[in-house]
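Visitor: Construct the entire structure; sequences and hints are all you get.
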Amino acid sequence: MTAVYAIVIALSLVILFLGVLVVGLLRSHAEVLKRLDRLGVRLDDPELHRHETTLAVRAAGSDSVDPGAYKDIVGTTPEGDTVSVSPGLGEDPTLLAFLSTSCSSCTNFWERFNAPVSLIGRTRFRVAVVTLGPDEESPTRAAGLRRGSVDVLMSSQAWDDYSVPGAPYFVLVAPDGGGVVGEGTASTFAALEEFLTDAGNDRDWDRSRLSDRTDADREKIVDRDLRNAGLEPNDPRLYHAPGDIDG
Amino acid sequence: MLASSRTTLGSTTHLVISMARPHYRVVSEDHERSRPIVEAHGLIVVVPSGWEVRLRRSLDDGEGVVSYPVVHAATVPLPPDRGDYGSNVVESLGTHDVFVSLVEFGEEAVDTDLFPKVEAFPETIDASGFHPRQLQRLIPGQAGQQVFFTFGGRAFCLYVVLGSYAMVNQVLPTVEGLLAGIAIAPSS
Numbered sequence: 002m003t004a005v006y007a008i009v010i011a012l013s014l015v016i017l018f019l020g021v022l023v024v025g026l027l028r029s030h031a032e033v034l035k036r037l038d039r040l041g042v043r044l045d046d047p048e049l050h051r052h053e054t055t056l057a058v059r060a061a062g063s064d065s066v067d068p069g070a071y072k073d074i075v076g077t078t079p080e081g082d083t084v085s086v087s088p089g090l091g092e093d094p095t096l097l098a099f100l101s102t103s104c105s106s107c108t109n110f111w112e113r114f115n116a117p118v119s120l121i122g123r124t125r126f127r128v129a130v131v132t133l134g135p136d137e138e139s140p141t142r143a144a145g146l147r148r149g150s151v152d153v154l155m156s157s158q159a160w161d162d163y164s165v166p167g168a169p170y171f172v173l174v175a176p177d178g179g180g181v182v183g184e185g186t187a188s189t190f191a192a193l194e195e196f197l198t199d200a201g202n203d204r205d206w207d208r209s210r211l212s213d214r215t216d217a218d219r220e221k222i223v224d225r226d227l228r229n230a231g232l233e234p235n236d237p238r239l240y241h242a243p244g245d246i247d248g
Numbered sequence: 034m035l036a037s038s039r040t041t042l043g044s045t046t047h048l049v050i051s052m053a054r055p056h057y058r059v060v061s062e063d064h065e066r067s068r069p070i071v072e073a074h075g076l077i078v079v080v081p082s083g084w085e086v087r088l089r090r091s092l093d094d095g096e097g098v099v100s101y102p103v104v105h106a107a108t109v110p111l112p113p114d115r116g117d118y119g120s121n122v123v124e125s126l127g128t129h130d131v132f133v134s135l136v137e138f139g140e141e142a143v144d145t146d147l148f149p150k151v152e153a154f155p156e157t158i159d160a161s162g163f164h165p166r167q168l169q170r171l172i173p174g175q176a177g178q179q180v181f182f183t184f185g186g187r188a189f190c191l192y193v194v195l196g197s198y199a200m201v202n203q204v205l206p207t208v209e210g211l212l213a214g215i216a217i218a219p220s221s
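Note that the protein sequences, when read in sequence, are chains H and G. According to my numbering, the stretch in the first sequence is residues 2 to 248, in order. According to my numbering, the stretch in the second sequence is residues 34 to 221, in order.
I should point out that these hints are in silico values taken from the structure, not numbers from a laboratory. Virtual Cβ for every residue (Gly too), placed ideally from N, Cα, C. Do not take every clue at face value.
Coverage of chain H stretches by chain G, computed from C-beta distances (three or more under 8 Å per stretch; other residues unrestricted) [said to hold, decoys possible]:
(1) 75–88
(2) 226–232
Quick partial rundown of chain G residues pointing at chain H, CB under 8 Å, derived from the structure [said to hold, decoys possible]:
(3) Val71
(4) Val80
(5) Gly83
(6) Glu85
(7) Leu88
(8) Pro110
(9) His129
Guide: What follows is the structure, given as structure tokens:
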């Protein structure tokens, strides 16, 4: 009988101990939630699950590159050609992929970029991989990592110009001199694809706004057409004195 | 260790995009003033705004076959794979676009009838010299012009392709803006 009492007491103590443990865990869990809430993180926020898929796209400029500014990339190719590449040229947005030959998280990107132009979502992107210059990176290693005919540029100056904090890092430049419209880093190619698809869709949306033909849009379109024809603001050819024009 | 001073950012993902920017940009004065310079093999090109330039290095395969430098410049993106006379580029020229190729030839071409000696690099180009028949590859609407010359003991072919023959007078100042920034060092 004494043995039975002893077992009951022991079991009661175990249950009591487990109860205390559960209460402690619940309190600690509540404390974690409280602190997360204080930091502005809500577990029922759908955006949180979006972040789990590795991407954050928001309508904000960047503070590392002046909004709208882009710089030509002057450097060499792994083969030793000297180049000056203008990311704002042409009709396609340009993706500058700042990669290193020695970073393990860049490997996936080296393998996936294999052409100078890629179709992502519904948008064509010009793609240029930019490594540090030949003083800081190995040209032969860069040549070995290149896949297909993707453009590989070596320029430490470009890393400085675009304030690249480390590899991998991506900068998206709009065509026709539209400037830098996005930048950041991604850990997976899928995350980058999602970002680029969003960027392409946003561009289409923005274009459709311009086609609304409001007065302001008409003015933008006229300005753009004049610039394409080589006429900048205050060009003397835009003005004339009475009698300058025949007839 | 190479690239040791730069961080690896693989562990986080943070991409931002700014929306609704206009699709054109006023080139800033600073951007305009400090133009890139491409230089190699005694060839210097000051790159005007709105141009891309690539200078292919001279190659010697070690068996006596030497390929000489080639300068490519265009107002459209220059893909990494291009022919000396613009294949893979000229197809993408728009109405206001231009492709320029400056191809050097070997010593055997210097001061020959085809490559007459000139006292200065041809910074101006005759509008009447453009013709569709001058194209290496015929593309409807386009026109080309080839100028052969020897300067500083080096023989060159300057080849210019206009995206639109009809726009020759409008586009010529753009071409001459590029040519004005090209310098050739004499052969040693």
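Visitor: Each hint: holds or not?
Guide: We went through each hint and held it up to the structure:
Check on the region 75–88 of chain H: 10 of its residues sit with their Cβ under 8 Å from a Cβ of chain G, so the three-residue criterion for coverage holds. Residue count for the region 226–232 of chain H with a Cβ under 8 Å from a Cβ of chain G: 4. That meets the three needed, and the coverage hint holds. Checking Val71(G) against chain H: minimum C-beta separation of about 5 Å stays under 8 Å; hint holds. Look at Val80(G): its Cβ gets to within about 4 Å of chain H, closer than 8 Å, so that hint holds up.
Contact between Gly83(G) and chain H, as hinted, is supported at the beta carbon level, the nearest pair being about 7 Å apart and thus within 8 Å. A hinted interface residue such as Glu85(G) counts as satisfied when its beta carbon comes closer than 8 Å to some beta carbon of chain H; here the least separation is about 5 Å, so the hint holds. Taking 8 Å as the C-beta cut-off, the interface hint given for Leu88(G) holds, the closest approach to chain H being about 4 Å. Because the smallest distance between the Cβ of Pro110(G) and any Cβ of chain H comes to about 4 Å, under 8 Å, the interface hint for this residue holds.
Given the 8 Å rule on beta carbons, the hint for His129(G) holds: about 6 Å separates it from the nearest Cβ of chain H.
Violation of the numbered hints given earlier is absent; every hint is satisfied by the structure.
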